[in-house]
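Colleague: What follows is each chain in one-letter form.
Number of protein chains: 2
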Amino acid sequence: MKTLPMAHVYQMLEPGPVALLVTARDGKANVMTMSWHMMVEFEPPRIACIVSGADHSFTALRETGECVIAVPPASMAERVVEIGNCSGRDVDKFARFHLETKPAKLVAAPLLADCIANIECRVIDDSLVERFNLFVLEAVHSWINPALRAAPTLHHRGWGEFALDGEIIRLKSRMR
Amino acid sequence: MKTLPMAHVYQMLEPGPVALLVTARDGKANVMTMSWHMMVEFEPPRIACIVSGADHSFTALRETGECVIAVPPASMAERVVEIGNCSGRDVDKFARFHLETKPAKLVAAPLLADCIANIECRVIDDSLVERFNLFVLEAVHSWINPALRAAPTLHHRGWGEFALDGEIIRLKSRMR
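If you read the sequences in order, they're chains A and B.
Per this note's numbering, numbering through the first sequence is continuous, rising by one, with the last residue being 176.
Per this note's numbering, numbering through the second sequence is continuous, rising by one, with the last residue being 176.
Hints listed in this document are in silico derivations from the structure and should not be mistaken for laboratory results.
We put the beta carbon where it would ideally sit given N, CA and C, even for glycine.
One thing to keep in mind: the hints can contain errors.
As the list claims (entries may be wrong) - When the alpha-carbon atoms are kept at most 30 Å apart in a straight line, the in silico BS3-like pairs for lysine-lysine are as follows:
id, chain 1, residue 1, chain 2, residue 2
1, A, LYS102, B, LYS172
2, B, LYS172, A, LYS28
3, A, LYS28, A, LYS105
4, A, LYS102, A, LYS28
5, B, LYS105, B, LYS28
6, A, LYS172, B, LYS102
7, A, LYS2, A, LYS28
8, A, LYS102, A, LYS2
9, B, LYS2, B, LYS172
10, B, LYS28, A, LYS172
11, B, LYS2, B, LYS102
12, A, LYS105, A, LYS2
To be verified - Label-pair restraints from in silico Cβ distances:
id, chain 1, residue 1, chain 2, residue 2, range
13, B, ARG170, A, ILE169, 24 to 30 Å
14, B, ILE168, A, ALA54, 24 to 30 Å
15, B, ASN85, A, ARG149, 26 to 32 Å
16, A, GLY65, B, ILE169, 32 to 38 Å
17, B, PRO44, A, ILE169, 30 to 36 Å
18, B, ILE168, A, ALA150, 19 to 25 Å
19, A, ARG89, B, ASP90, 51 to 57 Å
20, A, ALA95, B, SER87, 49 to 55 Å
21, B, GLU78, A, GLY65, 39 to 45 Å
22, B, PRO5, A, SER87, 25 to 31 Å
23, A, ALA95, B, ILE168, 27 to 33 Å
24, A, LEU171, B, ASP90, 19 to 25 Å
Model the full assembly from the supplied sequences, consistent with the hints where possible.
Modeller: Here it is in structure tokens:
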């Protein structure tokens, strides 16, 4: 994995790919599937996400204020769904789904070696957690897997239906 | 356009398509391109989005507390980029880009007839507007264009590069 410049982080999340949220608490890591996230700021990259209070990851995120957001390639689709179908309360998802991890640089949660990008984050605002389960995160370091850079990602359309990235088009935009 | 059931609204936005945000203020409508949005709740459908204070739409959204989020098909890609390349301060984007509108049911902002879905929204939380330009909206009515339901959408990857929805896959998910 190579460092992904902070200025490029939004290009990983703005297209709305299904992501994996990795946390660690009391030395035990966990991972969940997440589709409710958006960019908030380019630099420093800030990201908002919704993590339900019913998710096992909620407590870890709330208590540690740290996580990794990983963007899986479409080739991981079956594992992405299986990760979402079970809870870290009951199983070690890393062992069950053969998820290779690497230590992060600045947070306790591990990186996922098979993902396109890994974004190390810290919670910077929890004022809407109580009302909406909405966390605002700031990226503190991020990683790109060059071999997977062009891999298609998954876009969830409900009930296990996903659109994969297809044709790429380029238009003259003045917008970043 | 047919009514889209509230329970299906998230399926339009969760996949992360580029959207159009339509507002109206003092009888004058405006539209901007938006990629920073996420689902917050299934039902009632709640949506968070970032609208920069530099955007002309910001004042209309702030003052009226109402908008329409429209999901354009990929066939509108050039107009979607052009809409983002100019400001409603300077031009009537509906006239310039030949955008056909229809009256909404519950908000003053109009619907975009050529879009896949139109979601009428009201602002329900503005507590993070000052810090992050983050609005939380609640859908009050929504519309689907049945003829465009299967149309691919656009996923922005930065600087005018878009991935179009490609292959559709279906996996056994216990998650909605």
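Colleague: For every hint, state whether the structure bears it out.
Modeller: Checked hints:
As the CA atoms of LYS102(A) and LYS172(B) are separated by approximately 29 Å, the hinted pair is consistent with the 30 Å bound. Restraint check for LYS172(B) and LYS28(A): the C-alpha separation of about 28 Å stays at or below 30 Å, so the hint holds. Restraint check for LYS28(A) and LYS105(A): the C-alpha separation of about 17 Å stays at or below 30 Å, so the hint holds. Restraint check for LYS102(A) and LYS28(A): the C-alpha separation of about 14 Å stays at or below 30 Å, so the hint holds.
About 17 Å separates the Cα atoms of LYS105(B) and LYS28(B), which keeps this hinted pair within 30 Å; it holds. Among the hinted pairs, LYS172(A) with LYS102(B) is consistent with the structure: their alpha-carbon atoms are about 29 Å apart, no more than 30 Å. This hinted pair checks out: LYS2(A) and LYS28(A) have alpha carbons roughly 25 Å apart, not beyond 30 Å. Taken as a hint, the LYS102(A) and LYS2(A) pair is honoured in the structure, with Cα atoms around 13 Å apart against an allowance of 30 Å.
Using a Cα cut-off of 30 Å, the hinted pair LYS2(B) and LYS172(B) holds, with the two alpha carbons roughly 29 Å apart. At most 30 Å may separate the alpha-carbon atoms for a hinted pair to count; LYS28(B) and LYS172(A) meet this at roughly 28 Å. About 13 Å separates the Cα atoms of LYS2(B) and LYS102(B), which keeps this hinted pair within 30 Å; it holds. With a C-alpha separation of about 12 Å, the suggested pairing of LYS105(A) with LYS2(A) holds against the 30 Å cut-off.
Checking the proposed 24 to 30 Å range against ARG170(B) and ILE169(A) shows it holds: the Cβ atoms sit about 26 Å from each other. A beta carbon spacing of about 28 Å between ILE168(B) and ALA54(A) agrees with the range 24 to 30 Å that was offered as a hint. At about 27 Å, the beta-carbon gap between ASN85(B) and ARG149(A) stays in the expected band of 26 to 32 Å. The hint said 32 to 38 Å for the Cβ distance between GLY65(A) and ILE169(B), and at roughly 35 Å that hint holds.
Taking 30 to 36 Å as the suggested C-beta distance range, the pair PRO44(B) and ILE169(A) conforms, at roughly 35 Å. A hinted range of 19 to 25 Å holds for the C-beta pair ILE168(B) and ALA150(A), which are about 20 Å apart. For the pair ARG89(A) and ASP90(B), the supplied restraint of 51 to 57 Å holds, since their beta-carbon distance comes to about 55 Å. Distance hint check for ALA95(A) and SER87(B): the Cβ-Cβ separation is about 53 Å, which falls inside the suggested range of 49 to 55 Å.
Checked against the hint of 39 to 45 Å, the C-beta distance between GLU78(B) and GLY65(A) comes to roughly 43 Å, which is consistent with it. At roughly 29 Å, the beta-carbon separation of PRO5(B) and SER87(A) lies within the given 25 to 31 Å, and the hint holds. Evaluation of the 27 to 33 Å hint for ALA95(A) and ILE168(B) yields a pass: the beta carbon distance comes to about 31 Å. In this structure the supplied range 19 to 25 Å holds for LEU171(A) paired with ASP90(B), their Cβ-Cβ distance being about 20 Å.
Checked against the numbered hints above, the structure violates none of them.
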